[in-house]
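Listed below are the residues making up each chain.
There are 2 protein chains.
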Amino acid sequence: MDINEKKLMIVGPTEIENDILRLGSEKMMYNRTPEFSGFMVGINENLKYFFQTKNTVYTFVSSGTGAMEATVANTMSRGDKVIVIARGLWGLRWAEIASRYGLNVELVKLGWEEQIEPDKLKEILTDDMKGVFINANETTLGLLTNVQGIGRVVRDTSAIFVIDAISSIGADEFKTDEWGCDAVIASSQKALALPPGLSFICLSQKAKKMMERSDLPKYYFDIKEYEANIHRGQTPFTPATGLLYQLDLRLKKIRKEGIENVIKRHARLSGMLRAGIGALGIKFTGKNMSNGVTGMIAPKGINAREVVNMLREKYNLEIPPSPGDLEGKVFRMGVFGNLGQKDIMQAISSIERSLIQLGYPVAPGEGVKAVKQYISSEVRPDG
Amino acid sequence: MDINEKKLMIVGPTEIENDILRLGSEKMMYNRTPEFSGFMVGINENLKYFFQTKNTVYTFVSSGTGAMEATVANTMSRGDKVIVIARGLWGLRWAEIASRYGLNVELVKLGWEEQIEPDKLKEILTDDMKGVFINANETTLGLLTNVQGIGRVVRDTSAIFVIDAISSIGADEFKTDEWGCDAVIASSQKALALPPGLSFICLSQKAKKMMERSDLPKYYFDIKEYEANIHRGQTPFTPATGLLYQLDLRLKKIRKEGIENVIKRHARLSGMLRAGIGALGIKFTGKNMSNGVTGMIAPKGINAREVVNMLREKYNLEIPPSPGDLEGKVFRMGVFGNLGQKDIMQAISSIERSLIQLGYPVAPGEGVKAVKQYISSEVRPDG
Chain P
1 MDINEKKLMI
11 VGPTEIENDI
21 LRLGSEKMMY
31 NRTPEFSGFM
41 VGINENLKYF
51 FQTKNTVYTF
61 VSSGTGAMEA
71 TVANTMSRGD
81 KVIVIARGLW
91 GLRWAEIASR
101 YGLNVELVKL
111 GWEEQIEPDK
121 LKEILTDDMK
131 GVFINANETT
141 LGLLTNVQGI
151 GRVVRDTSAI
161 FVIDAISSIG
171 ADEFKTDEWG
181 CDAVIASSQK
191 ALALPPGLSF
201 ICLSQKAKKM
211 MERSDLPKYY
221 FDIKEYEANI
231 HRGQTPFTPA
241 TGLLYQLDLR
251 LKKIRKEGIE
261 NVIKRHARLS
271 GMLRAGIGAL
281 GIKFTGKNMS
291 NGVTGMIAPK
301 GINAREVVNM
311 LREKYNLEIP
321 PSPGDLEGKV
331 FRMGVFGNLG
341 QKDIMQAISS
351 IERSLIQLGY
361 PVAPGEGVKA
371 VKQYISSEVR
381 PDG
Chain F
384 MDINEKKLMI
394 VGPTEIENDI
404 LRLGSEKMMY
414 NRTPEFSGFM
424 VGINENLKYF
434 FQTKNTVYTF
444 VSSGTGAMEA
454 TVANTMSRGD
464 KVIVIARGLW
474 GLRWAEIASR
484 YGLNVELVKL
494 GWEEQIEPDK
504 LKEILTDDMK
514 GVFINANETT
524 LGLLTNVQGI
534 GRVVRDTSAI
544 FVIDAISSIG
554 ADEFKTDEWG
564 CDAVIASSQK
574 ALALPPGLSF
584 ICLSQKAKKM
594 MERSDLPKYY
604 FDIKEYEANI
614 HRGQTPFTPA
624 TGLLYQLDLR
634 LKKIRKEGIE
644 NVIKRHARLS
654 GMLRAGIGAL
664 GIKFTGKNMS
674 NGVTGMIAPK
684 GINAREVVNM
694 LREKYNLEIP
704 PSPGDLEGKV
714 FRMGVFGNLG
724 QKDIMQAISS
734 IERSLIQLGY
744 PVAPGEGVKA
754 VKQYISSEVR
764 PDG
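Listed in order, the protein sequences are those of chains P and F.
Numbering-wise (my numbering), the first sequence opens with residue 1 and increments by one.
Numbering-wise (my numbering), the second sequence opens with residue 384 and increments by one.
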């Protein structure tokens, strides 16, 4: 297999811009030097911009799950009561991690598009609750949680508001401080469009205060160690230097483009994609869709896995199936990373052909036509 | 600062071969595919060769410290009695991690070159001990531990033998299975000469059995999750794909070169280096030196940090100082990575000049002459 032929429309890793990729071949620098410190201070500042926060953002060498665990292990204590609100497999990960650490988890399992009512949340959010855990985007479905709404309720309590924003931040609007988010988790291979290997936590003052009383064991993910070094641009453990070169440039580019424009770019690509998919009569997983991930329900008689396999084998397009209960029923497409309207058009055309071959009746060209209509109907910046 | 001018003779990250570096710019592949699985199965097999083991080697996205913590969290239980044998800052890390997890640590603090006597170890290694933790090379000193000797004692007990081999394996002889090592930790940026970001654990059957009873919390580093996926070439969490491309090629090159030859290469470079350093009258930290790291004691009246600073600022040579108690007294040089005899000669020449400028009387050229003598006296493969 030549991986260069495959277009990635999964939910990470993504297509990566060439200038960012090239930095992956740079010589390593020694990290215990003033030069590295200066470089890292710059990254830390630009991470704040990406998170829309005045608070500190910590960088770990790990996948996003590592940063999720770090949040639990650093802010919570054994036996703490927490609420986990989940609509799917990824939301449930918070409950799994919290249970491993001996927390007392109240799980609120919602339907795909269901949001918790503020009154209902107030009711179950008793004074002894230490945290409310959610994910911003249930990645298996591509559907958003009402982060802002939940934040409004949690901010007036003694609980911290913890958000796995891995597949949302940078693609969807996400205002860490303004929305009252106390711990926000991200990783490098989604909207940041970098190779996997880095994860991030942004912590509010309220969350940092919770760290003081935490009695859970941690070492590699001990945020106090990161905190003790971050002011001087250092890390307690060896950083992934090469990935940091790439992160540095990516953050600078995001700053230049403007985070609002980065979000709009994701919204536009997904808009095109959905225009095409909709024209083929394919149903989406729900209405409250994330900008980064589109979830689609396989048409009757077609296994979602067949669509995924045909696209990759015949059309060099990688899209992800959905795991767990959704296996066979849902397929997804991501627009993270270095993709443009040509890629979307190409993808829709490939989906049309795949569906026809799988026996689903679509008029060839209908999807692509709808994408073109979407593009031509866009309000231009000058109009 | 132009990092390309700086020659790295630290103890990681290292100078990296160009063909390995280039792979850092390759397009990402989707990891939930048969192609990735096949690729990962190959890596896992070659890791066994590198570790000289028939057992499984697990790969994490983290620094080496993460893999150390993973070993404790997966094989131990709260209150377990363990012995940590330490001769310096890095050896003490095992005690720190074990204490964080509520283990009952018996710390055997040895002198720089001291080795524990088998009889003494037998005496303190009571039946209720669950583990003996050491490091193969105390990196702050560059001095080796008698892994083989300790292994001989521990193998007949119910304790597991755990070795941080991060700065040793691949540079020094290290026979995981033959020496009775139950858990061996490595990372990507030492003798593997890759960018930092990956760590590894090799576990014996005895260690895997200990995992069954472990009650310590873990999630990201839960080895059972890795074990459940490794047979099919998968990882429980998103892998650092780009680093794996580089690991794959590096392991293939090591296999081709032969692990014995890789070790000899490190021994030869350190041999040259020490011939030169010795000729300048500089004392080493001890006799039982590792092949990868040379520890040197700063001459009277000279602060080790001055040597380090002058080399980096005037001669574009990065060497590491030693931390903690050794600060100002010890400086080190690493020969990991893509270095050759020209680099050693250049380094010795730079050290000569630096020492002269710092007021230490050496005859210019003596060091370089000694390196040349070392090279010319080597027994050639054909002679």
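If you are wondering where the hints come from, they were derived from the structure by calculation, not from laboratory data.
Any given hint could be a false lead.
DSS-like cross-link-like pairs, simulated, lysine-lysine; straight-line CA separation at most 25 Å [unchecked claim]:
| id | chain 1 | residue 1 | chain 2 | residue 2 |
| --- | --- | --- | --- | --- |
| 1 | P | LYS7 | F | LYS607 |
| 2 | P | LYS252 | P | LYS81 |
| 3 | P | LYS27 | F | LYS558 |
| 4 | P | LYS224 | P | LYS48 |
| 5 | F | LYS437 | F | LYS639 |
| 6 | F | LYS410 | P | LYS253 |
| 7 | P | LYS27 | F | LYS410 |
| 8 | P | LYS27 | F | LYS505 |
| 9 | P | LYS342 | F | LYS725 |
| 10 | F | LYS558 | P | LYS252 |
| 11 | F | LYS505 | F | LYS558 |
The model shown is predicted, which means the values in this text are computed figures rather than measured ones.
Hints and how they fare:
no.	hint	result
1	P:LYS7 with F:LYS607	33 Å, violated
2	P:LYS252 with P:LYS81	40 Å, violated
3	P:LYS27 with F:LYS558	31 Å, violated
4	P:LYS224 with P:LYS48	19 Å, holds
5	F:LYS437 with F:LYS639	19 Å, holds
6	F:LYS410 with P:LYS253	19 Å, holds
7	P:LYS27 with F:LYS410	19 Å, holds
8	P:LYS27 with F:LYS505	47 Å, violated
9	P:LYS342 with F:LYS725	51 Å, violated
10	F:LYS558 with P:LYS252	46 Å, violated
11	F:LYS505 with F:LYS558	22 Å, holds
Hint compliance for this structure: hints 1, 2, 3, 8, 9, 10 are not met, and every other hint is.
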